[in-house]
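Put together the whole structure using the sequences plus the hints.
Protein chains: 4
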Amino acid sequence: MKTRAISSDEKQIKRSLILSAARDLFLADDRQLPAVATIATQAGLAKGTVYLYFSTKEEIFLALLAEEFSGLLSSIHRCLSLLSSTKKPNKKLKQELAKELIATVTNYVQSHPEFLRLDAMSYSVLEQNLSDDFLYAFKFELTRALVDTGKQVDLIFALEAGRGVTLLMRTYALMRGLWQSLDYPDHLQQLLAHKMFEPIRPEFHTELRAALGEYWSGALT
Amino acid sequence: MKTRAISSDEKQIKRSLILSAARDLFLADDRQLPAVATIATQAGLAKGTVYLYFSTKEEIFLALLAEEFSGLLSSIHRCLSLLSSTKKPNKKLKQELAKELIATVTNYVQSHPEFLRLDAMSYSVLEQNLSDDFLYAFKFELTRALVDTGKQVDLIFALEAGRGVTLLMRTYALMRGLWQSLDYPDHLQQLLAHKMFEPIRPEFHTELRAALGEYWSGALT
Amino acid sequence: MKTRAISSDEKQIKRSLILSAARDLFLADDRQLPAVATIATQAGLAKGTVYLYFSTKEEIFLALLAEEFSGLLSSIHRCLSLLSSTKKPNKKLKQELAKELIATVTNYVQSHPEFLRLDAMSYSVLEQNLSDDFLYAFKFELTRALVDTGKQVDLIFALEAGRGVTLLMRTYALMRGLWQSLDYPDHLQQLLAHKMFEPIRPEFHTELRAALGEYWSGALT
Amino acid sequence: MKTRAISSDEKQIKRSLILSAARDLFLADDRQLPAVATIATQAGLAKGTVYLYFSTKEEIFLALLAEEFSGLLSSIHRCLSLLSSTKKPNKKLKQELAKELIATVTNYVQSHPEFLRLDAMSYSVLEQNLSDDFLYAFKFELTRALVDTGKQVDLIFALEAGRGVTLLMRTYALMRGLWQSLDYPDHLQQLLAHKMFEPIRPEFHTELRAALGEYWSGALT
DNA sequence: GATGAATGAGGTTTCATTCAT
DNA sequence: GATGAATGAAACCTCATTCAT
Numbered sequence: 043m044k045t046r047a048i049s050s051d052e053k054q055i056k057r058s059l060i061l062s063a064a065r066d067l068f069l070a071d072d073r074q075l076p077a078v079a080t081i082a083t084q085a086g087l088a089k090g091t092v093y094l095y096f097s098t099k100e101e102i103f104l105a106l107l108a109e110e111f112s113g114l115l116s117s118i119h120r121c122l123s124l125l126s127s128t129k130k131p132n133k134k135l136k137q138e139l140a141k142e143l144i145a146t147v148t149n150y151v152q153s154h155p156e157f158l159r160l161d162a163m164s165y166s167v168l169e170q171n172l173s174d175d176f177l178y179a180f181k182f183e184l185t186r187a188l189v190d191t192g193k194q195v196d197l198i199f200a201l202e203a204g205r206g207v208t209l210l211m212r213t214y215a216l217m218r219g220l221w222q223s224l225d226y227p228d229h230l231q232q233l234l235a236h237k238m239f240e241p242i243r244p245e246f247h248t249e250l251r252a253a254l255g256e257y258w259s260g261a262l263t
Numbered sequence: 043m044k045t046r047a048i049s050s051d052e053k054q055i056k057r058s059l060i061l062s063a064a065r066d067l068f069l070a071d072d073r074q075l076p077a078v079a080t081i082a083t084q085a086g087l088a089k090g091t092v093y094l095y096f097s098t099k100e101e102i103f104l105a106l107l108a109e110e111f112s113g114l115l116s117s118i119h120r121c122l123s124l125l126s127s128t129k130k131p132n133k134k135l136k137q138e139l140a141k142e143l144i145a146t147v148t149n150y151v152q153s154h155p156e157f158l159r160l161d162a163m164s165y166s167v168l169e170q171n172l173s174d175d176f177l178y179a180f181k182f183e184l185t186r187a188l189v190d191t192g193k194q195v196d197l198i199f200a201l202e203a204g205r206g207v208t209l210l211m212r213t214y215a216l217m218r219g220l221w222q223s224l225d226y227p228d229h230l231q232q233l234l235a236h237k238m239f240e241p242i243r244p245e246f247h248t249e250l251r252a253a254l255g256e257y258w259s260g261a262l263t
Numbered sequence: 043m044k045t046r047a048i049s050s051d052e053k054q055i056k057r058s059l060i061l062s063a064a065r066d067l068f069l070a071d072d073r074q075l076p077a078v079a080t081i082a083t084q085a086g087l088a089k090g091t092v093y094l095y096f097s098t099k100e101e102i103f104l105a106l107l108a109e110e111f112s113g114l115l116s117s118i119h120r121c122l123s124l125l126s127s128t129k130k131p132n133k134k135l136k137q138e139l140a141k142e143l144i145a146t147v148t149n150y151v152q153s154h155p156e157f158l159r160l161d162a163m164s165y166s167v168l169e170q171n172l173s174d175d176f177l178y179a180f181k182f183e184l185t186r187a188l189v190d191t192g193k194q195v196d197l198i199f200a201l202e203a204g205r206g207v208t209l210l211m212r213t214y215a216l217m218r219g220l221w222q223s224l225d226y227p228d229h230l231q232q233l234l235a236h237k238m239f240e241p242i243r244p245e246f247h248t249e250l251r252a253a254l255g256e257y258w259s260g261a262l263t
Numbered sequence: 043m044k045t046r047a048i049s050s051d052e053k054q055i056k057r058s059l060i061l062s063a064a065r066d067l068f069l070a071d072d073r074q075l076p077a078v079a080t081i082a083t084q085a086g087l088a089k090g091t092v093y094l095y096f097s098t099k100e101e102i103f104l105a106l107l108a109e110e111f112s113g114l115l116s117s118i119h120r121c122l123s124l125l126s127s128t129k130k131p132n133k134k135l136k137q138e139l140a141k142e143l144i145a146t147v148t149n150y151v152q153s154h155p156e157f158l159r160l161d162a163m164s165y166s167v168l169e170q171n172l173s174d175d176f177l178y179a180f181k182f183e184l185t186r187a188l189v190d191t192g193k194q195v196d197l198i199f200a201l202e203a204g205r206g207v208t209l210l211m212r213t214y215a216l217m218r219g220l221w222q223s224l225d226y227p228d229h230l231q232q233l234l235a236h237k238m239f240e241p242i243r244p245e246f247h248t249e250l251r252a253a254l255g256e257y258w259s260g261a262l263t
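Residue numbers (my numbering), protein chains in the order written: chain Z, 43 to 263; chain C, 43 to 263; chain U, 43 to 263; chain W, 43 to 263.
If you're looking for bench data, these hints aren't it; they were derived computationally from the structure. Heads up, some of the hints might be wrong.
Stated by the list, open to error - Straight-line Cα separation of at most 25 Å, BS3-like style, residue types lysine-lysine; simulated pairs:
1. K134/U / K53/W
2. K99/Z / K89/U
3. K134/Z / K134/C
Computed from a predicted structure; not experimentally measured.
Structural data, given as structure tokens:
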């Protein structure tokens, strides 16, 4: 392939091609960022070309993660929009609302398996080797969207200003922590097949729903 | 250092020496496992000597993490032992008990800064390059201790069997997730100095206490 | 050297460059495969570049050996072609033919000092650390060429089918064994200067010619 | 084991223990000298103890090889002694004698599988890293025994002085070369299962007998 | 814009040997 | 004499990134 992406659209397409290849490879080979050469091959591009679109390997995956965050927050946004009403919610209604929100979050991560896997690498791997500019842009956009959705939460749950962001952060933290505690690489799975390990390997999505339920229940009191 | 660790005790001491050097270096140079050569130098040993005590670099750090887990669970155990009484706790008392437990946990991680940093690397970095035996031993001991402390929680909070382990797991997950969300490398800290980023950078320990408080409040209802 | 080998030809040249450097170093530093770093430096390349052309160090030297085998068999082929005639050879003529063949072989190894040195490492060193694919390709090509030349021997010496290959194999074995028995590293040479060791250190090429002469004489009877 | 080998006998026994362990391990793990630590364990000794008896690892294996050479030459000696007669042998008888000698040699290597395997490592591996003294002693003894047996050959075959040594050397060379050409590591065996490779993998002992037969036939003419 | 050849830093691990006990 | 803890040299290979074409 030696076609040139001249128009902005074509560039976007090629960028997506790279992201998509990176995602596929990452999903296939757990807990290891695939090599740039592999990504390039998978995307049908040359290695050098990848560097025309991303300046480090980590950028690729952080971009992927950014998309996921954006997708999750959009889902929440959409969900909350549907739930919005003019009445001030009473305690029971709030619990209903929380349930919806939790369902939305759970569904999202269930249908986006790469999200939490990538997320689990962001602390120790992804945030290395990134230009400040890129990292800043990432955090900026993330914060913006988070604050935005947080405000919506404030509104719908009739909370004091800023409380929504906090709830979202803690929700995210719990989810993130649970994932890392309950996702095992294949070979480890087999080692932990014995009954004695059952307490440390409940099914993730069930556990997530339950844990978030408890958290929101406490948080809304 | 050229003294030879002949007795089992002396070997334990030398092992600790290595672990201690590894911890110091890890704390100094964030989010990156130091090279074995560096650890050896820091411990005043030759590179090869380190490999007499640990068979891969990752083993060193997983051993460190194991110590931390053990320490944390001991702290909780000790705390709960002090709180144990013969009376069945009412709701208010349970909240008091939870508060104590949370305080214990928070204090522990505050005085063991390497714990959550290491923990944050275990998913993506530490569990690579480990022999199955070692990994299994680690998980085995951890599970044993966890189940043990879980039972104590069951008892003191008068919960149904197995509930305590679940609560501890979720507590750990929340803590783990919060740490990773709120700990920034130095250079990033500076980028996020602006007021707009305040929502995403509350002080960790305060936040931890608050979030755990909400979670336990919900979980005990 | 920073020129890039784009075309296939240029790549062949660079490959040869590496092989040539490897040969020179091997000849200079007997009985020890030089380090890849050294080969790279000698070839005026970076270490990584060498690995673009060969995937392990052993591959380099087996490739070198393959060239030698190929060269030797070609020489024999050429020699035999010149000798071919339509008449069925009588016993005396056969001896003449054998003499020519032996001369060809002896001349070849004399002018390719790296051949038998490398060959002497193939059993214990070279065939380690090679991909099955590479090793197979090597054996395949070697066998093909050997069988080919063997047939020519059958023809010219008027032998039964398959006999030629056997003769060539045994010729090679005798040569190989003699080399290893008569080639001494420098420092050993000096130790063996005394007259008593004369029986075990005749001049190699003379000895080779004589031994092969005897063998073929016996084999053709 | 902390018993001390005080008497010379006890030392000899311990030495043999080491040699025996080394041989066993070498036979088990082809084409690779076992680690000193492994040899020590196998011999039921400590690593350091091995170095009381041999000053380098290579010495162990060269000592083993020396035993084999000695054994082979003894076998030949014994065989020739039995064949000795007062009559001057005619051509036919010589061939008979040669046949016997070849049978002796073949039997010996067949019942001492470690011999040719070790031998094949002597050029490239064993003769590295040896003290001059040791190497000299080895060559000295070997030469002495060889010349000795050579003289016996001279006598029995009624050859000119020195011819016997030459014949023995060439016999050894042919055997050595054949072994290295026909012994394949296990995984390679499988790769070469195809019919096309048959010419390069006749059964060793049959081939050895045939090749030596041809050689001696030619040499005695 | 696209390519892919070239670079070279970087860190792990092994193991023969020594020597304090 | 025996032990085995300590040493440290040695070399491989990977792979992110650059830049000549």
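- Task: Enumerate the violated hints, using their earlier numbering and listing them in ascending order.
- Result: Of the numbered hints given earlier, the structure breaks just one, which is hint 1.
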